[in-house]
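*Asks:* Sequences listed follow chains A and B, in order. Mapping the first sequence onto my numbering, position 7 (from 1) lands on 7, and the numbers just tick up by one. Mapping the second sequence onto my numbering, position 27 (from 1) lands on 27, and the numbers just tick up by one.
Mixed in with the good hints, there may be bad ones.
Given that identical chains are not distinguished, each listed pair holds provided it fits within a single copy or across any two copies.
To be verified - Distance condition first, Cα-Cα at most 27 angstroms in a straight line; then the derived DSS-like pairs of lysine-lysine:
hint, residue 1, residue 2
1, K71, K28
2, K71, K97
3, K97, K59
4, K71, K59
5, K84, K10
6, K10, K91
7, K10, K101
8, K101, K91
9, K101, K71
10, K91, K71
11, K28, K64
12, K84, K97
13, K59, K10
Simulated from the structure, these hints should not be mistaken for laboratory data.
Protein chains: 2
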Amino acid sequence: MAYLLQVDFKMNGPFGDEMAEAFSDLAKSINEEDGFIWKIWTESPETNESGGIYLFETKETAEKYIDMHSKRLAGFGITDVNAKIFATNSKLTEINKGPVK
Amino acid sequence: MAYLLQVDFKMNGPFGDEMAEAFSDLAKSINEEDGFIWKIWTESPETNESGGIYLFETKETAEKYIDMHSKRLAGFGITDVNAKIFATNSKLTEINKGPVK
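With the rest of the complex left out, here is chain A (with noise of 0.2 angstroms):
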């Protein structure tokens, strides 16, 4: 059963399309990673914000990717960061045509 990672935190940007070309290295990056299988990145410029829902195999993979990320976000100076991780309800994700299998 795959699990849903999301996470948000607050960023100053960038946003757009200087977001995606500072990021895009990092972006390739993230398809390498353990289990992980989709990442829609999010972002918000009015409330500055940003982040990421993610889909991973399992929930190890996704735990094992959070730990790593959070120590990446420090880094770049955020702390704050909200991240929780799911299990996915299968049936309900198939009626309203959720892109999980």
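Chain B: place on chain A using the hints.
*Replies:* Only chain B this time, still in chain A's reference frame:
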């Protein structure tokens, strides 16, 4: 551009198949909401939390949904709801195979 709504709250179950049975009619109704694209249903029996990750066509339809959904959750006795709406960064999300278009 698609907007992502992340919602989570404390809930003492039901989880798993029992949750799917309790909320399958609600799930079907969500497919009819304005601007709705998909929802992943999330649950964490270990921490007594539940929620969902939604994709909407516009920020306005995401806002309209969470206004209605917050009132519905309050009707279930759930009032301490974390809800955030984010834009999605298309370029980075595409690198990471995120299911947004």
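*Asks:* My question is about K71 and K59: at a cut-off of 27 angstroms on alpha-carbon distance, are they close within one copy, between copies, both, or neither?
*Replies:* within (19 angstroms within a copy, 32 angstroms between copies)
*Asks:* For K10 and K101, with the copy left unspecified, which applies at a CA distance of at most 27 angstroms: within, between, both, or neither?
*Replies:* between (31 angstroms within a copy, 25 angstroms between copies)
*Asks:* Using 27 angstroms as the alpha carbon limit, work out where K71 and K28 are close: within a copy, between copies, both or neither.
*Replies:* Answer is within: at 18 angstroms inside a copy they meet the 27 angstroms cutoff, but 40 angstroms across does not.
*Asks:* Checking K101 and K71: alpha-carbon separation at most 27 angstroms within a copy, between copies, both or neither?
*Replies:* neither (30 angstroms within a copy, 31 angstroms between copies)
*Asks:* How do K10 and K91 come out at 27 angstroms by Cα distance, when the copy is not named: within, between, both, or neither?
*Replies:* Between copies, since 21 angstroms is at most 27 angstroms while 34 angstroms is not.
*Asks:* Up to 27 angstroms between alpha-carbons, please classify K28 paired with K64: within, between, both or neither.
*Replies:* within (18 angstroms within a copy, 35 angstroms between copies)
*Asks:* When Cα atoms must be at most 27 angstroms apart, do K101 and K91 count as within-copy, between-copy, both, or neither?
*Replies:* both (11 angstroms within a copy, 24 angstroms between copies)
*Asks:* My question is about K71 and K97: at a cut-off of 27 angstroms on alpha-carbon distance, are they close within one copy, between copies, both, or neither?
*Replies:* Between copies only: 24 angstroms across chains, 34 angstroms inside a chain, cut-off 27 angstroms.
*Asks:* At most 27 angstroms between C-alpha atoms: does K84 with K10 qualify within a copy, between copies, both, or neither?
*Replies:* both (16 angstroms within a copy, 13 angstroms between copies)
*Asks:* Is the C-alpha distance from K97 to K59 at most 27 angstroms within one copy, between copies, in both cases, or in neither?
*Replies:* both (22 angstroms within a copy, 20 angstroms between copies)
*Asks:* Are the CA atoms of K59 and K10 at most 27 angstroms apart within a copy, between copies, both, or neither?
*Replies:* both (25 angstroms within a copy, 20 angstroms between copies)
*Asks:* Go through the copies and call it for K84 and K97: within, between, both or neither, with a Cα cutoff of 27 angstroms.
*Replies:* Both. Shortest intra-copy (22 angstroms) and inter-copy (21 angstroms) distances satisfy the 27 angstroms Cα cut-off.
Going down the numbered hints, you'll see the structure goes against just number 9.
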